[in-house]
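Colleague: Here's the letter readout for the chains.
Number of protein chains: 2
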Amino acid sequence: MSTTDIKHYMQTVGQKARAASRFVAKTETAAKNRALIAMAEAIRRDEQKLLAANAKDLENAKAKGLDAAMIDRLTLAARGIAGMAEGLQQIAALADPIGEITGLSYRPSGIQVGKMRVPLGVIGIIYEARPNVTADAAGLCLKAGNAAILRGGSEAIHSNQAIAACVREGLTTAGLPETAVQVIETTDRAAVGELIVMRDYVDVIVPRGGKGLIERISNEARVPVIKHLDGVCHVYIDDQADFDKAVTIADNAKTQRYGTCNTMETLLVHVNIAERILPVLGKIYLDKGVELRGDEAAHAMITQIIPATEEDWSTEYLAPILSIRVVDGLDQAIEHINRYGSQHTDAIVTENYTHARRFLREVDSSSVMVNTTTRFADGFEYGLGAEIGISTDKIHARGPVGLEGLTSQKYIVLGDGQIRQ
Amino acid sequence: MSTTDIKHYMQTVGQKARAASRFVAKTETAAKNRALIAMAEAIRRDEQKLLAANAKDLENAKAKGLDAAMIDRLTLAARGIAGMAEGLQQIAALADPIGEITGLSYRPSGIQVGKMRVPLGVIGIIYEARPNVTADAAGLCLKAGNAAILRGGSEAIHSNQAIAACVREGLTTAGLPETAVQVIETTDRAAVGELIVMRDYVDVIVPRGGKGLIERISNEARVPVIKHLDGVCHVYIDDQADFDKAVTIADNAKTQRYGTCNTMETLLVHVNIAERILPVLGKIYLDKGVELRGDEAAHAMITQIIPATEEDWSTEYLAPILSIRVVDGLDQAIEHINRYGSQHTDAIVTENYTHARRFLREVDSSSVMVNTTTRFADGFEYGLGAEIGISTDKIHARGPVGLEGLTSQKYIVLGDGQIRQ
Chain U
288 MSTTDIKHYM
298 QTVGQKARAA
308 SRFVAKTETA
318 AKNRALIAMA
328 EAIRRDEQKL
338 LAANAKDLEN
348 AKAKGLDAAM
358 IDRLTLAARG
368 IAGMAEGLQQ
378 IAALADPIGE
388 ITGLSYRPSG
398 IQVGKMRVPL
408 GVIGIIYEAR
418 PNVTADAAGL
428 CLKAGNAAIL
438 RGGSEAIHSN
448 QAIAACVREG
458 LTTAGLPETA
468 VQVIETTDRA
478 AVGELIVMRD
488 YVDVIVPRGG
498 KGLIERISNE
508 ARVPVIKHLD
518 GVCHVYIDDQ
528 ADFDKAVTIA
538 DNAKTQRYGT
548 CNTMETLLVH
558 VNIAERILPV
568 LGKIYLDKGV
578 ELRGDEAAHA
588 MITQIIPATE
598 EDWSTEYLAP
608 ILSIRVVDGL
618 DQAIEHINRY
628 GSQHTDAIVT
638 ENYTHARRFL
648 REVDSSSVMV
658 NTTTRFADGF
668 EYGLGAEIGI
678 STDKIHARGP
688 VGLEGLTSQK
698 YIVLGDGQIR
708 Q
Chain R
288 MSTTDIKHYM
298 QTVGQKARAA
308 SRFVAKTETA
318 AKNRALIAMA
328 EAIRRDEQKL
338 LAANAKDLEN
348 AKAKGLDAAM
358 IDRLTLAARG
368 IAGMAEGLQQ
378 IAALADPIGE
388 ITGLSYRPSG
398 IQVGKMRVPL
408 GVIGIIYEAR
418 PNVTADAAGL
428 CLKAGNAAIL
438 RGGSEAIHSN
448 QAIAACVREG
458 LTTAGLPETA
468 VQVIETTDRA
478 AVGELIVMRD
488 YVDVIVPRGG
498 KGLIERISNE
508 ARVPVIKHLD
518 GVCHVYIDDQ
528 ADFDKAVTIA
538 DNAKTQRYGT
548 CNTMETLLVH
558 VNIAERILPV
568 LGKIYLDKGV
578 ELRGDEAAHA
588 MITQIIPATE
598 EDWSTEYLAP
608 ILSIRVVDGL
618 DQAIEHINRY
628 GSQHTDAIVT
638 ENYTHARRFL
648 REVDSSSVMV
658 NTTTRFADGF
668 EYGLGAEIGI
678 STDKIHARGP
688 VGLEGLTSQK
698 YIVLGDGQIR
708 Q
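As you go down the protein sequences, you meet chains U and R in turn. When you line the first sequence up against my numbering, it's residues 288 to 708, in that order. When you line the second sequence up against my numbering, it's residues 288 to 708, in that order.
No wet-lab data here; the hints were simulated from the structure. Just so it is clear, CB atoms sit at the ideal spot from N, CA and C, and this is done for glycine as well. Be careful, since some hints might not be right.
As the list claims (entries may be wrong) - Only part of the chain U face toward chain R is listed, based on derived beta-carbon distances under 10 Å: (1) Arg360; (2) Thr362; (3) Ser392; (4) Val400; (5) Thr460; (6) Ala533; (7) Asp651; (8) Ser654.
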């Protein structure tokens with residue numbers, strides 16, 4: 288398609304989405320759930336079709352010589368297909384956030400004022416290889432009463448279109464407009480450029496993918512973006528930490544999984560406990576093949592620690608690498624986290640009441656923890672039931688974003704003829 | 288200043304604001320309140336200084352030949368000065384939203400998850416002539432634990448600087464950094480251009496002023512904007528409306544004040560009640576000198592109604608002008624509001640339970656009302672205690688924005704050594 292064709296195509300997609308969003312916003316819970324379950328059934332039934340479509344994508348990916356990690360994210364095994372279906376059924380089982388009325392209270396004027404939870408309207412999701420995001424995002428947006436415009440990675444185009452067919456079938460089965468979830472059919476990048484500036488038709492953009500994608504989108508977007516950048520997470524071991532809790536937590540935060548955004552990348556240790564605990568932790572990390580980088584004080588306690596550069600302190604390794612810094616107290620720890628961190632998730636290990644209270648109040652991150660592992664920063668672990676992503680923004684949604692993050696609230700005012708004097 | 292000087296100046300202001308925001312975020316309630324009260328005292332004491340500074344601005348404004356309305360907004364009478372001081376004391380009396388912990392509950396893993404209300408960080412306020420916004424905005428941002436960068440209209444530069452001096456005095460009296468509230472000292476427009484793109488130093492922009500200003504800012508901003516565009520508010524008189532309530536509300540919504548954003552601009556009347564109620568309302572409006580524009584059906588009932596153009600339906604008159612349309616039912620009324628309205632405030636007058644419920648659910652506006660006047664859409668009337676503005680956005684804050692709209696929430700997780708399996 289030419290640029291003008293793309294523009295026209297996207298405008299049409301946007302208009303349809305806006306119209307569908309009005310319909311979905313007033314759709315009752317039962318119908319939304321019927322659609323979600325019908326989507327799941329269609330996906331299970333079409334397993335072979337989905338595998339065939341995915342095979343096409345994999346073939347092209349290999350021909351293009353994409354790397355193994357990419358191929359892995361792109362691959363849709365039978366297990367992945369069952370997972371998509373289960374995910375949709377779980378979303379159907381979640382409580383419907385829409386229409387919830389809170390805080391209705393009488394004012395001196397006699398009017399009663401409260402808030403009602405409402406959909407955002409039209410949500411644009413831009414994601415990379417993983418095809419399962421198509422079903423996942425469609426389900427979450429629908430349950431929250433929104434219309435969705437999905438733009439998956441070009442490598443997954445066949446898989447995404449096959450999943451989209453199941454999604455549309457689910458929508459129509461439940462009497463919902465199939466335009467409630469539209470999957471962009473062109474792989475042209477100009478489509479993304481158009482999607483993120485259509486303020487008349489799109490209320491929010493949720494990019495899911497690598498830092499590059501997210502930075503590009505938030506730089507060019509004219510529509511609000513709920514975004515997640517780095518996860519440079521810290522664990523601070525206070526001088527009044529319980530030794531065993533500190534070892535267990537610092538180990539789990541780094542080594543339970545290396546590639547996740549809530550994995551610890553920097554360990555801060557109070558100087559008064561460093562000499563006792565660092566050798567113990569060092570052995571654990573080195574035995575697991577974790578490369579250690581640190582400041583001089585840390586190096587003095589573990590010879591295998593190589594010098595950390597200034598850059599290390601703000602690097603999200605997503606790998607078996609850990610930077611370690613010895614600090615002289617809570618203030619320095621908090622200052623380090625607020626300066627080098629990414630406002631994602633940070634934890635303190637301490638038995639001191641005041642230190643815990645100060646850390647909770649003064650660390651400016653989307654999740655702040657006491658005596659537990661940063662790995663718990665997750666929509667399911669937090670009880671949101673589902674997660675569209677983790678926001679490191681401050682506006683609107685912060686931390687793990689579930690159904691509620693895809694909604695807004697409006698004021699409702701109930702009167703009996705009151706007027707303003 | 289040259290453009291590079293401006294850029295450098297604004298970057299410095301931003302850095303200072305970011306540093307101050309860390310301090311204010313952890314400042315206890317009592318200190319914030321002491322600062323607010325000290326500001327109020329300084330403003331009362333400096334009444335003469337403020338009047339003198341304002342006189343300079345008025346002189347220049349008249350020399351520049353600014354219109355009467357502008358001069359009026361610019362004028363800072365003794366009453367206005369007392370009002371600023373009272374406003375600050377009222378803000379001191381409000382509950383501190385910061386640090387409030389909600390929803391702490393245990394998860395199956397044993398961790399306890401909840402949310403803590405936190406400041407946004409640095410708030411940029413861009414406003415036009417009214418100098419009292421300087422004190423008002425400074426007070427609200429501070430109470431919500433934020434640092435503020437204020438950029439008032441160039442016409443009010445002397446008044447704003449004089450008020451800023453009182454604000455700084457209040458801050459230092461309470462031991463807070465005077466950089467917690469900075470008032471831009473240059474009237475160069477480039478300063479605004481810089482302020483709205485400094486994502487490293489500014490967390491949100493709140494523009495207060497005419498539609499032109501707000502549109503320009505939201506088009507050019509790289510920082511999230513909490514904005515208020517038009518107030519094209521509707522009252523829909525249902526066929527099952529109580530006649531007297533409908534007359535009282537439709538009268539009050541239009542004529543209690545003409546220039547406010549929550550004033551009704553379009554009246555929708557059900558065809559079955561139109562013939563009875565329109566002549567009564569028409570007389571009220573015409574007696575008060577309100578110009579009436581409407582569709583043919585309305586004209587047939589009130590000959591003084593002149594034909595409304597398509598444009599009228601989406602126009603915010605802010606004047607004694609009202610457009611009137613006769614609709615065939617609730618669906619048409621809701622469709623008209625969602626199509627031509629500005630998602631600000633809309634009301635239905637009805638005794639029908641189902642019509643009221645549907646209107647509340649299906650009208651996509653920041654305030655939706657039943658049997659009362661749109662004029663109640665106001666932070667004070669809603670019990671917010673104060674108002675920085677009314678948001679017609681959906682993301683983050685919607686409707687009247689008080690202290691809470693200047694805050695965010697982070698997750699807090701309390702554990703006893705739990706780790707992820």
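Colleague: Now, for every hint given, state plainly whether the structure supports it.
Modeller: Going down the list of hints, with the structure as the test:
1. Arg360: violated, 22 Å
2. Thr362: violated, 25 Å
3. Ser392: holds, 7 Å
4. Val400: holds, 5 Å
5. Thr460: The hint is violated - threonine 460/U has no Cβ within 10 Å of chain R, the shortest such distance being about 24 Å.
6. Ala533: holds, 9 Å
7. Asp651: With a closest approach of 7 Å, the aspartate 651/U hint holds.
8. Ser654: holds, 4 Å
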